[in-house]
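Number of protein chains: 4
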Amino acid sequence: MSFNTYGTLFRVTTWGESHGPAIGCVVDGTPPGIALSEADIQVWLDKRKPGTSKYVTQRREPDRVTILSGTFEGRTTGTPISLLIRNEDARSKDYSDIADKFRPGHADYTYWKKYGLRDYRGGGRPSARETAMRVAAGAIARKILGRRVSIRGAMVQMGTQAIDRAKWDWKETAKNPFWCPDAGAAKAWESYLDAVRKRGSSVGAVIEVVASGVPAGLGAPVYGKLDVDLAAAMMGINAVKGVEIGDGMAVAGLSGEDNADEIRMRGGKVRFLSNHAGGILGGISTGQDVVARFAVKPTSSIAIPRRTITTGGKNTTIATKGRHDPCVGIRAVPVGEAMMACVLADHLLRHRGQCG
Amino acid sequence: MSFNTYGTLFRVTTWGESHGPAIGCVVDGTPPGIALSEADIQVWLDKRKPGTSKYVTQRREPDRVTILSGTFEGRTTGTPISLLIRNEDARSKDYSDIADKFRPGHADYTYWKKYGLRDYRGGGRPSARETAMRVAAGAIARKILGRRVSIRGAMVQMGTQAIDRAKWDWKETAKNPFWCPDAGAAKAWESYLDAVRKRGSSVGAVIEVVASGVPAGLGAPVYGKLDVDLAAAMMGINAVKGVEIGDGMAVAGLSGEDNADEIRMRGGKVRFLSNHAGGILGGISTGQDVVARFAVKPTSSIAIPRRTITTGGKNTTIATKGRHDPCVGIRAVPVGEAMMACVLADHLLRHRGQCG
Amino acid sequence: MSFNTYGTLFRVTTWGESHGPAIGCVVDGTPPGIALSEADIQVWLDKRKPGTSKYVTQRREPDRVTILSGTFEGRTTGTPISLLIRNEDARSKDYSDIADKFRPGHADYTYWKKYGLRDYRGGGRPSARETAMRVAAGAIARKILGRRVSIRGAMVQMGTQAIDRAKWDWKETAKNPFWCPDAGAAKAWESYLDAVRKRGSSVGAVIEVVASGVPAGLGAPVYGKLDVDLAAAMMGINAVKGVEIGDGMAVAGLSGEDNADEIRMRGGKVRFLSNHAGGILGGISTGQDVVARFAVKPTSSIAIPRRTITTGGKNTTIATKGRHDPCVGIRAVPVGEAMMACVLADHLLRHRGQCG
Amino acid sequence: MSFNTYGTLFRVTTWGESHGPAIGCVVDGTPPGIALSEADIQVWLDKRKPGTSKYVTQRREPDRVTILSGTFEGRTTGTPISLLIRNEDARSKDYSDIADKFRPGHADYTYWKKYGLRDYRGGGRPSARETAMRVAAGAIARKILGRRVSIRGAMVQMGTQAIDRAKWDWKETAKNPFWCPDAGAAKAWESYLDAVRKRGSSVGAVIEVVASGVPAGLGAPVYGKLDVDLAAAMMGINAVKGVEIGDGMAVAGLSGEDNADEIRMRGGKVRFLSNHAGGILGGISTGQDVVARFAVKPTSSIAIPRRTITTGGKNTTIATKGRHDPCVGIRAVPVGEAMMACVLADHLLRHRGQCG
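Protein chains in written order, with my numbering: chain A, 1 to 356; chain B, 1 to 356; chain C, 1 to 356; chain D, 1 to 356.
Just chain A, with the same shape it has in the complex (with noise of 0.2 Å):
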C-alpha cells in the first residue's frame, strides 16, 4: 500500500474528501468477464450506510455508487471500473466555532504540520467517508474470490465489554445494529451505549474478521506475507491502532506446545487441530479460516470539553458538536471485511501469476 493506492495485482485507488462534491476510487486489475452491476456494490454500501439506527451519524447520505467505466453489457472488462458517490449531504454547517481548533486525537493538526493547509469544514480526506470506496472495491474483490470464499465480520467488543465468544452465531449479527455475534451481549450494549452517549462520550471496539474457505498457498515470504498486508490493511481503516491475527497479542503468553497447531489426517484430508496462526503460517495461508482483530479507538469528537490550541497558538478548550457515531466502530465492521476482500483478491491474482 502506498499513496491512496492499495495492492499490486487488484489495485484500488480512492480519492475525495468528506466535503466536496463525490468520493470514488477506481479499481484496476480485475479479471475480465466478471458479472458486475451497481446493485452488486450498493448491497454492500447501504450495510456500512450511515443514518440507520440511532448508534450511528446522522448524517443522510443516499451513498448511491455509479459505475463511470470498466465494464461492457454487465460484465468487467479487465480495464480500470470508476466507481462514483455524490456528497448530497455536506451541508455548509457553521464551523465557526471550531474552525481554528485543533480537535484532540484528530488529524487536523498532523495534516496542517504536514501540508500547511487547515481544511475546516469537517474531516477532509481522513473522514471516515472515505471507507465508503473500500466497500465499494471490496465488492468486486468478493466477486473475484467467488462463492467459495466467504467473509464476515463482528463486533467482539464494545468499550470494555466482551462478548462471550460461546455464544458465538453468525446469524445474530445481522440481527442488532452492532453486527454482534452474541445476542446476549448485543442487547446489553444498547443501553450501555445510550449512556456513553447521553454522557456526550464515546467508546472504542474490538472487531474480528473472519474469511472461511481461502485456499492454501496465498501470501508471499518476508515482505509480501499475507498477514502483512491484513495488518497494513486493517491499520488503514480510520481509528484502528491495533491489529491481530489469530491469537494476536496474546500469543506472548502461550507455551510453544499450547500455540502450535496440530494436526491430523481425517478422511483422507488435513485437519488442523486448533487455529492458533489464524490461518496463516510464515506468511501463507494454510487453507484454515483466515481470522484478523482490530482495535478501533474512541470517536474523537465528543461534546466533553477537551483542552486543545487554536492555530494561532492560544491555549483554550473544544467540545464538538453535530452528526458523529458515539461508536465509530460499528461502521468499522463492513469496511475490515471490504479490506480482508481487497488483500485476499490480491493475494489470489498474485499467487496465480507467480505459481499459476
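Check before you lean on any hint, since a few could be wrong.
If you anchor each label on the Cβ, the simulated ranges turn out as follows [as the list claims (entries may be wrong)]:
#1 Gly74(C) - Asp100(A): 16 to 24 Å
#2 Gly184(B) - Lys187(A): 39 to 47 Å
#3 Thr311(D) - Gly116(B): 50 to 58 Å
#4 Ala183(C) - Asp100(A): 54 to 62 Å
Just a sample of chain C residues kept apart from chain B, beta carbon distances all over 10 Å, derived [to be verified]:
#5 Arg64
#6 Glu190
#7 Asp194
#8 Lys198
#9 Phe272
Because the hints were derived from the structure by calculation, they are not lab data. These figures come from a predicted structure and were not determined experimentally. Glycine included, C-beta positions come from ideal geometry on N, C-alpha and C.
Assemble chains B, C and D onto chain A, guided by the hints.
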C-alpha cells in the same frame, strides 16, 4: 511492501536461506554523501547475533557483513548498497528424522502447499536468519534519519510475565540478555526462561519500539499512513501475530475523553499531555514519540512432542532437537528497531519528495 | 508505469472508455499549496480538443474538466486530485456493419484475445480519448515544475514531409493547425493532408517535445533513468511506434568524436557545445534542453477497404466511415508535452526525496 | 521500472560498480520448480563476455556467475535468486590524467551534479558492466518463457553501414563477431571497424531483437502496454538513444492502407499478412513476432581529443586510453535479448495473474 522488497524511496530487497551459502540485501535509494562503513552496520548486527547467551540459539555465526557496492571512499554514492553475510555454520546436520514431517506452527506446510517444494534442511527462506539483513538495512536507515532521531526497543513481556512500566529505565535494557527495561523483571525472567527451556518448551514475548525525535508531518493519508507501514513492517517480522500503535488493542476500552491526547502551549511550544495515539494521528506523525508494539509467538520448534503428519499424508508426532531459542522474541528486539528505522527513513524521503 | 497508473511520487491513474459516460483520472502526490483551478487545466485540454479544424475528428466534445477533490480554496491540499470529463457526444451510432469485424492496425483483435470481450461501439479503453486525461494531468505537472521549466511540442514530419529544421520558429506552432514550427512546411501540409483525407487514407507523423529549464541532476541510474521513463511515457501514447532522445536512431551513424557533446566554461558557467544527447547522460539530466521525439502511425480507421476477418473466423473486408482523424499525430502534440511534464514532475519529486 | 529494480511480478534488482569487488542481482518472483543451474546462466554470459575478439574491450573478466539463493536441488524455490559475479580484472589503473576531467558523452558529469560525488576510477554504476546482470536475469526469464518462445538479436547497422535485409539469415549471427545476420555485411564490417578503431574513434549501431512464439494477449492498456515496457527496457540499456517497435520511426511515412497489417484465415488459423506493428497492437501482443529495435551511440571514451572541463571549472581536453570498445553496440546484442526476455516473462506472469 511487496515480495522481498520493502519501501518506496528507501528500498530494501533481501535474499537468502538459512542453509544456503550466504544471505544478503540490496539497499536502494540512500541519499548520497552519508558516511558509511562496515563497522557502522556490524555494531547493530552484533546486538542481534545468535550465540550470545544461553537464552538464544547456540548456532555460531560471526555474521560479518561485507559492503559490495554503493559506497566510495567511505561515503554512500546514492547507488544500490549490496550487503552480504556468509553462512558459516550451516553444517550438514542429520535431518533424516524430521525430513518428511511438517512442524506445527512452522512455515514448512504452507511453503510446500504454495511452491510444491520441501527444503528439509531447516528454516529455508522463512528462517529468522533473514532478519539479520533487516538489521543491516536498519543501520543504514538510522544514518539517514541522523542523530536527531533515536530508536530504542525493549521486551515488555516474556511469556505471561509483564514488566512493571513504572520501573522503566532504558539503561537497564543493555544490562540483561532480554533487553528488559525493568531490572526486577529481568532478574525474574532468568529463572522463568530457564524453566521453560529445561522442560523443552518455549514462550512468546511482547516487544516495544520507541522512536524519539521524529519530526511532525511524516506519513500520508489512507494507504500510505505511517502506522500502516509500521504495522506491515512489524507484522512482517518472523513469528509476529499482533501489532499495536500507542495504546493499541486497549483503545477499545477507553472513553473518548480519556483517549484524547489534550494539547497545551508550553513555553511557546506545542505539548501533548498524553500519548495514547503513539505519536501518529490520521497516519501522520505528531512530533511525539512514535510507539509500536508487537507480539512474538513462542518458538515452534520444541522438544515436547506434537502431533503432525508426514508429506506422505500419515499421522505421526514430531519433537525437534537442535539449535533453537526458548524465546525467539529476544532476538526480535533489534529487528523491531531496524524495521522502525526503515519505515521512518522511507517516509522521511517521501515527505521531502512531496512537500520539499 | 504499470497498469493504468503512471509514476512513482507524482502518480496518475486514468480510467474510462470512449463510449462510456465519462473519462477521468486521479492525480496523487501533488505537493500542497499550489494554486490550481479548473481553468488552469482547461487551457491545455482546449489545445488538444477534437473538432477544432477540418484536419481532426469532427466529434464534438466540449471536454470540460471538473475537479472533484484535492483542492481547497483554490490550492492543492496534497491529497488525490480527481478530474472528470463527461462524454457528451458518445452518440449511439450504428456499428452493425463493423461490429463483428476486426479493424487491422487497431487494438480490437488483441483486446478480444486478452480479455475475451468485444466492445463493438468504438475505441473502448484504447481509444485516443484516454489521452485527454494525460493532458489534464500534465497541466498539474506543469504547475509542479513551475515557470522555470518550459515544455513545447511541435510536429516535425507529416507523412513523408519533414520540416526544414533551419526554419524552426516556435512562434509558428501556434499559427497553424499542425503545431508546425516551419511556416513553409505548414502551408504545404494543408494541401498534402487534404489529399490524404479525400482519398480516404491517413498518414503518420513525427512529434518533437522540448523541455527547457530542466535542472541538471534529474533521473537515476539503470532502471530509473530519465530517458527510460520518457521512452515509456511517449511509447504509451496511442499509435506511437518509435521514441528517440536527442539524435535518436541517428546516433548509430555518428562517430564518437561527432557524437560527443563537448563542454566549455563560458562566463563562469558550464556550456555544452552541442546536444546530441538530448539533455540526458547516463539517465540523468545535464541541464540542457531535454529533447524527445516520437513517431505516430497513420490512423488505422480508414475509408480504403482492407482485408480482415470476423470474430466468427470468416474472411471479409472492412472500410471505416465516421469521425476520424486523417493524421492522428496532430492531436498527439499536446499529449507528448503532457507526458514530458508528468515524467519531469515525478523525477523532480523523486530527486528531492533522495537528494534533498 | 524504478530505481535499480525492473518489473512487477518478475522483478530484477541489480547492484554494483565496474571497479568494486563484485556486481550482482536479485531476481524475485520466479515461479517454483524450474530447473536452473549456474550453467544455464553462464551460457548467456559467455555470449556477452568482453575480450572475445579484437572488436570488444580487452578487459579480461571470466564473468563466472554464482547462485547464492533461491534454488534447491537444482530447481527454483519461488524465493529470491541472488546472483553474484566477482570483478576480477578491476586493476588499480592510473587514472590520474583523467581523474578530474569530465568525459563528454559520459555520465560522470551528471552523476557529479546529482550526487555530488566523483568516482574517478571508471564507469562506476553507469558502466556497461551492469548489463552482465541483465543477461543473467534474462537467462532466468527465458526459463520462465519456456521453449515455445525464442528470442534472438542481431546487429542490423554498424555506424553508417546497414545490412541488406533480403540477405537475413539467423544462422549467420553465430558466425561473425558482430551478431550480423548478413554474411556480406559482416565481412565488410571487419575492415570498417578496424579503420574506426585505428583512428581512435568509435561508432554506433542498431540492434534488432525478435521474439517468436509469444502468445497473443500479453500486455495491458495505457501505462502497462507491452511496448511501453519494451521501450523502457531497451532505452535503459547503456548508450541507447532510440527505440522502435515494428516499423518504428518509419511509420510516420506510411499511408494508413500500407501500415494496416491485414488479416486472413489460413487453414483455420488467423494469419497477419504483414507485421508493421511489430507484433503489438494497443499494447497487447498479437501472436506474431514481437520486434524491437534500438540505436546505441558510439562509445564515448575515444582516443581522439575532445574539449571538456575539469571538476574545478577549467577548460581542458581529454583523450581516453585504455580498455574500450570501438563499437559498444556489439555487446548490447545479448543485453537486448535479455531485456526482451525479462519484459515478456513479467507480462506472462502478470497476464496469468489477471486473466488466469
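Hint check results:
Checked against the given bound of 16 to 24 Å, the beta carbons of Gly74(C) and Asp100(A), roughly 20 Å apart, stay inside it. Distance hint for Gly184(B) and Lys187(A): a CB-CB separation of about 44 Å, consistent with the stated range 39 to 47 Å. With their beta carbons about 56 Å apart, Thr311(D) and Gly116(B) fall inside the hinted range of 50 to 58 Å. The supplied range of 54 to 62 Å is met by Ala183(C) and Asp100(A), whose beta-carbon atoms lie about 58 Å from each other.
The non-interface label for Arg64(C) is consistent with chain B: the shortest C-beta to C-beta separation is roughly 28 Å, beyond 10 Å. Even its closest Cβ contact with chain B, about 46 Å, leaves Glu190(C) beyond 10 Å, as expected for a residue assigned away from the interface. With a least CB separation of 49 Å from chain B, Asp194(C) remains clear of the 10 Å interface cut-off, as annotated. At roughly 52 Å from the closest C-beta of chain B, the C-beta of Lys198(C) stays outside 10 Å, upholding its exclusion from the interface.
Every CB of chain B lies more than 10 Å from the CB of Phe272(C), the least distance being 23 Å, so the non-interface label holds.
Comparing the model with each numbered hint stated earlier shows that all of them hold.
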